[in-house]
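One-letter residues, chain by chain:
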Amino acid sequence: MTGSLWRLMLRALTSPSGRLGAVIIALLTLFVFVAPWLLPDPSAMPDLMAGAVPPGAGHPFGTDQLNRDVLSRVVSGGQISLSVAGLAVLLAVTLGALVGGLAGFYGGWLDSALMRMVDGALAIPRLFLLLLLVAVWEQMPLGALVLVLGATGWFATSRIVRGEVLRLREAEFVLAATALGAGPGRIILRHLLPNVAGPILVAATLGVGDVILLEAGLSYLGIGVRPPTPSWGGMILDARPLLTTAPWTSIFPGLAIATTVLAVNLLGDALRGALDPRSA
Amino acid sequence: MTRWLVRRTLQAVVTFVVVTVLLFVLMRLTPGDPLERLAGDRQMSAEAVAALRHKFGIDQPITTQFTSFVAGALAGDLGVSIEHYPTKVSTLVLSRLPASLLLGGTVLLLTFGIGIALGVFQAVKRRSRADRWLTRASLTLYAMPSFWLGLVLAWFFGIRLQLLPVAQMHDPLLDPDASWLVRTGDVLRHLILPAVTLTAVSLAAVMRYQRTALLEVLRLDFVLAARARGIPERQVLWRHAWRNALFPVVGLLGLWLPMLVSGSVFVEQVFNWPGLGSLAADAVGARDYPVILGTAMLVSAQVLLGGLLADLAYYALDPRVRQA
Amino acid sequence: MTPLLEVEDLRITFPTRHGTSHPVDGVSFSVARGELLALVGESGCGKSLTSLALLRLVPPPGQIQPGSAIRLDGTDVLGLGPEELRSIRGRRIGMIFQDPMTSLNPVFTIADQIGESVRAHQKVSKRAARARALELLQEVGIPDPTQRLDVYPHQMSGGMRQRVMIAIALASEPEMLIADEPTTALDVTVQAQILELLDGLRAARGMAVLLITHDLGIVAGRADRVAVMYAGRLVEEAATAELFARPSHPYTKGLLASVPRITGAVTRLTPIAGTVPAPTAWPAGCRFHPRCPAALPRCATDDPPALPVGNAHRMRCWLAEAGRA
Numbered sequence: 001m002t003g004s005l006w007r008l009m010l011r012a013l014t015s016p017s018g019r020l021g022a023v024i025i026a027l028l029t030l031f032v033f034v035a036p037w038l039l040p041d042p043s044a045m046p047d048l049m050a051g052a053v054p055p056g057a058g059h060p061f062g063t064d065q066l067n068r069d070v071l072s073r074v075v076s077g078g079q080i081s082l083s084v085a086g087l088a089v090l091l092a093v094t095l096g097a098l099v100g101g102l103a104g105f106y107g108g109w110l111d112s113a114l115m116r117m118v119d120g121a122l123a124i125p126r127l128f129l130l131l132l133l134v135a136v137w138e139q140m141p142l143g144a145l146v147l148v149l150g151a152t153g154w155f156a157t158s159r160i161v162r163g164e165v166l167r168l169r170e171a172e173f174v175l176a177a178t179a180l181g182a183g184p185g186r187i188i189l190r191h192l193l194p195n196v197a198g199p200i201l202v203a204a205t206l207g208v209g210d211v212i213l214l215e216a217g218l219s220y221l222g223i224g225v226r227p228p229t230p231s232w233g234g235m236i237l238d239a240r241p242l243l244t245t246a247p248w249t250s251i252f253p254g255l256a257i258a259t260t261v262l263a264v265n266l267l268g269d270a271l272r273g274a275l276d277p278r279s280a
Numbered sequence: 001m002t003r004w005l006v007r008r009t010l011q012a013v014v015t016f017v018v019v020t021v022l023l024f025v026l027m028r029l030t031p032g033d034p035l036e037r038l039a040g041d042r043q044m045s046a047e048a049v050a051a052l053r054h055k056f057g058i059d060q061p062i063t064t065q066f067t068s069f070v071a072g073a074l075a076g077d078l079g080v081s082i083e084h085y086p087t088k089v090s091t092l093v094l095s096r097l098p099a100s101l102l103l104g105g106t107v108l109l110l111t112f113g114i115g116i117a118l119g120v121f122q123a124v125k126r127r128s129r130a131d132r133w134l135t136r137a138s139l140t141l142y143a144m145p146s147f148w149l150g151l152v153l154a155w156f157f158g159i160r161l162q163l164l165p166v167a168q169m170h171d172p173l174l175d176p177d178a179s180w181l182v183r184t185g186d187v188l189r190h191l192i193l194p195a196v197t198l199t200a201v202s203l204a205a206v207m208r209y210q211r212t213a214l215l216e217v218l219r220l221d222f223v224l225a226a227r228a229r230g231i232p233e234r235q236v237l238w239r240h241a242w243r244n245a246l247f248p249v250v251g252l253l254g255l256w257l258p259m260l261v262s263g264s265v266f267v268e269q270v271f272n273w274p275g276l277g278s279l280a281a282d283a284v285g286a287r288d289y290p291v292i293l294g295t296a297m298l299v300s301a302q303v304l305l306g307g308l309l310a311d312l313a314y315y316a317l318d319p320r321v322r323q324a
Numbered sequence: 001m002t003p004l005l006e007v008e009d010l011r012i013t014f015p016t017r018h019g020t021s022h023p024v025d026g027v028s029f030s031v032a033r034g035e036l037l038a039l040v041g042e043s044g045c046g047k048s049l050t051s052l053a054l055l056r057l058v059p060p061p062g063q064i065q066p067g068s069a070i071r072l073d074g075t076d077v078l079g080l081g082p083e084e085l086r087s088i089r090g091r092r093i094g095m096i097f098q099d100p101m102t103s104l105n106p107v108f109t110i111a112d113q114i115g116e117s118v119r120a121h122q123k124v125s126k127r128a129a130r131a132r133a134l135e136l137l138q139e140v141g142i143p144d145p146t147q148r149l150d151v152y153p154h155q156m157s158g159g160m161r162q163r164v165m166i167a168i169a170l171a172s173e174p175e176m177l178i179a180d181e182p183t184t185a186l187d188v189t190v191q192a193q194i195l196e197l198l199d200g201l202r203a204a205r206g207m208a209v210l211l212i213t214h215d216l217g218i219v220a221g222r223a224d225r226v227a228v229m230y231a232g233r234l235v236e237e238a239a240t241a242e243l244f245a246r247p248s249h250p251y252t253k254g255l256l257a258s259v260p261r262i263t264g265a266v267t268r269l270t271p272i273a274g275t276v277p278a279p280t281a282w283p284a285g286c287r288f289h290p291r292c293p294a295a296l297p298r299c300a301t302d303d304p305p306a307l308p309v310g311n312a313h314r315m316r317c318w319l320a321e322a323g324r325a
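Residue numbers (my numbering), protein chains in the order written: chain A, 1 to 280; chain C, 1 to 324; chain G, 1 to 325.
These aren't lab readings, by the way, just hints derived from the structure by calculation. Any given hint might turn out to be false.
Unchecked claim - 25 Å max Cα-Cα, derived SDA-like pairs, lysine to any residue:
id, chain 1, residue 1, chain 2, residue 2
1, C, LYS125, G, LEU197
2, C, LYS88, C, LEU22
3, C, LYS125, G, ALA245
4, C, LYS125, G, LEU72
5, C, LYS125, G, ARG86
6, G, LYS126, C, PRO232
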């Protein structure tokens with residue numbers, strides 16, 4: 001199974017945009033987690049009287065209204081955004097694989113019930129599910145945000161996995177394994193999982209982009225990552241009143257979001273192309 | 001035909017019931033009581049809070065709450081707003097519907113019009129430089145948070161260039177006796193920035209679907225056969241290939257509407273557009289739970305209706321489905 | 001008299017990741033007016049691509065190489081502009097394809113699709129085109145043609161659809177019909193009917209036919225001449241009776257040995273060992289030598305030219321020179 005995933009990734013890296021996406025993601029991740037040692041200490045006492053300083057020497061991205069270095073805040077916001085997105089997608093994919101696998105493998109009423117539920121959940125725009133879940137939560141810990149982002153992101157994955165499982169269940173090699181007396185656990189692990197790993201990886205990669213955007217949106221509405229923890233969406237919210245006087249305070253966090261999501265989607269696209277060459 | 005229609009409609013209704021149940025369950029899953037904050041904010045006495053609890057039915061057993069919620073929801077009664085107490089949620093929501101439909105409809109037309117045109121162009125010029133750059137450009141736009149793109153456009157076109165209005169749907173200083181034409185023009189000017197923002201971030205999906213679908217069809221035998229019998233190339237492309245490549249794009253509508261609805265929450269908030277999206281965003285700020293629930297319900301209904309309409313269009317376009 | 005169609009040294013190349021592919025590599029033949037020439041070979045030998053090239057329909061990124069020539073009635077097809085090309089496609093050369101299930105557009109009715117072909121080449125009203133469609137359906141033997149006009153392709157059987165394809169190909173009275181494996185996707189009984197129909201139409205209209213097939217069995221008794229293709233080249237060409245009586249190229253012999261015969265006592269089928277090589281890496285020398293039961297030492301190094309083996313009978317094999325054919 002890991003072998004086929006490696007091959008898929010290597011094939012995705014043969015496309016220029018796949019390579020570009022992978023390089024940007026690697027650099028961003030490295031930068032976001034290494035830069036804090038190189039940048040001015042964010043907890044250093046800012047000069048409140050100086051206010052928002054435009055980009056220049058000492059502050060390449062300028063400072064915000066509280067004279068905090070925008071670059072430092074983009075970096076620490078990036079740590080939060082990337083970690084939240086990564087963990088949430090991991091959770092979503094696990095849930096999706098589990099539910100889809102169960103529905104596809106066992107079929108019958110379990111399948112019908114689960115899929116009706118997924119139909120309903122897919123009809124509610126994900127943002128509204130999130131609004132309902134987090135809006136009245138006064139003190140929401142970061143872990144809870146990861147949990148709700150993960151819990152609202154598995155529906156489409158479960159459909160994909162279910163479809164693959166249904167298709168494979170009828171496939172010759174699975175029938176043969178069953179005939180040879182392999183139990184369900186063994187069939188799922190040895191035969192089904194390696195075959196659904198590719199589609200899951202594609203869904204997961206593209207899912208990271210969605211979650212980064214959703215988290216930024218929730219934070220922009222004030223109900224995602226809550227202050228004082230920095231986040232890209234929260235920075236844009238703080239910067240709104242400064243749009244005319246200090247546009248850099250909102251431009252840089254927005255560019256950070258767009259670059260990250262673009263890189264993730266380029267890679268996800270390349271993976272999809274590698275999985276199904278006809279779609280390229 | 002009628003049997004298919006009845007079955008498809010029933011399916012949508014069942015899904016809507018599932019939606020209602022899910023929404024109720026989600027509401028109860030959240031820790032915290034929407035009234036607590038209100039009580040704290042307004043320094044209410046314990047008795048007043050208890051009275052409100054009774055009023056909102058929160059003191060009832062959960063099963064009673066559930067049945068009254070479902071019954072109310074199906075009858076169009078979505079409860080009372082906390083923030084705008086005692087205005088009914090249904091009244092609030094309906095008052096915001098026209099602006100939402102105007103913005104959503106405009107974005108729908110723009111996105112599918114431009115997306116289909118560019119997607120066809122990309123498929124015809126596949127693997128060319130133009131094709132690659134269009135894909136990159138649309139993916140870049142897709143990666144931008146809509147609220148941020150809205151703010152940037154508002155800053156540039158509204159504040160730097162002073163070209164377009166950046167808030168509301170009408171100019172408050174406009175002479176109320178102005179002619180119909182002037183007032184329509186005013187609304188259209190206000191519509192431009194939010195519509196462009198939403199179209200920009202949602203264009204990529206339609207372009208990609210159209211490009212992929214047309215490439216699939218262009219590979220099929222009947223396209224080759226049409227060329228072989230000397231049908232002019234333009235006719236081969238549009239009449240033969242595109243007609244068949246339209247189905248997946250129509251089917252996309254069901255997936256695309258949730259995206260539009262979510263995007264409009266941010267874009268309407270940024271531009272103060274008086275639609276459902278900004279209503280939901282404001283309700284989030286005010287922790288006005290019944291209103292969030294009401295808008296969630298209405299947008300889900302819209303999404304289901306959109307899917308149903310897409311299927312109907314499918315049905316009208318494809319003789320194989322029609323006679324199945 | 002010049003032949004209706006002349007093909008000279010046709011070469012088609014495709015760029016691939018593993019180098020340039022040469023699926024058609026120097027094919028020459030001609031078809032006379034009213035003649036039925038069968039182009040026979042296994043899948044992958046380049047016969048379908050050859051037929052597509054005649055109408056300049058080679059799918060990109062494939063390219064017809066300079067030096068190739070295709071002449072219809074003396075006109076150089078490869079030098080035509082888009083509009084002139086369109087006046088040949090469907091107008092002077094009609095074409096039908098292997099799979100009638102997929103070569104009709106699923107969203108248009110039969111009348112629409114025949115009428116469209118009529119109107120692509122003749123300035124007639126929609127009503128006249130519809131009347132013409134009805135005539136054509138009658139001509140190709142579709143029962144109840146009036147009822148079938150407004151039917152969609154998915155509502156017809158495979159044999160009926162192939163008849164519709166033929167009607168479409170006949171819409172502008174072409175001088176030549178290219179039939180690319182016209183019966184492969186059909187049931188055996190339907191196959192015979194379609195072949196009968198093609199035969200009848202050829203006789204009635206004096207139309208030339210290029211029949212592309214992998215099945216030598218349907219060639220006997222129908223084709224005037226047979227050209228056998230292997231690995232992008234013609235390896236043997238002769239009048240049908242001559243070819244069946246004196247098959248000379250070892251590949252042709254192999255093909256004939258693998259055709260099941262209903263008459264005669266031969267019941268054992270001998271398939272040719274091995275498979276057609278990939279068009280990116282044709283073998284040096286004679287392309288058939290790795291599979292050839294009669295290969296000589298020189299076959300591995302020297303590429304045989306087309307050599308005469310009898311009256312209007314030629315083959316690309318050194319055995320012709322050795323007189324051992």
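Hints and how they fare:
| no. | hint | result |
| --- | --- | --- |
| 1 | C:LYS125 to G:LEU197 | 41 Å, violated |
| 2 | C:LYS88 to C:LEU22 | 22 Å, holds |
| 3 | C:LYS125 to G:ALA245 | 52 Å, violated |
| 4 | C:LYS125 to G:LEU72 | 31 Å, violated |
| 5 | C:LYS125 to G:ARG86 | 21 Å, holds |
| 6 | G:LYS126 to C:PRO232 | 17 Å, holds |
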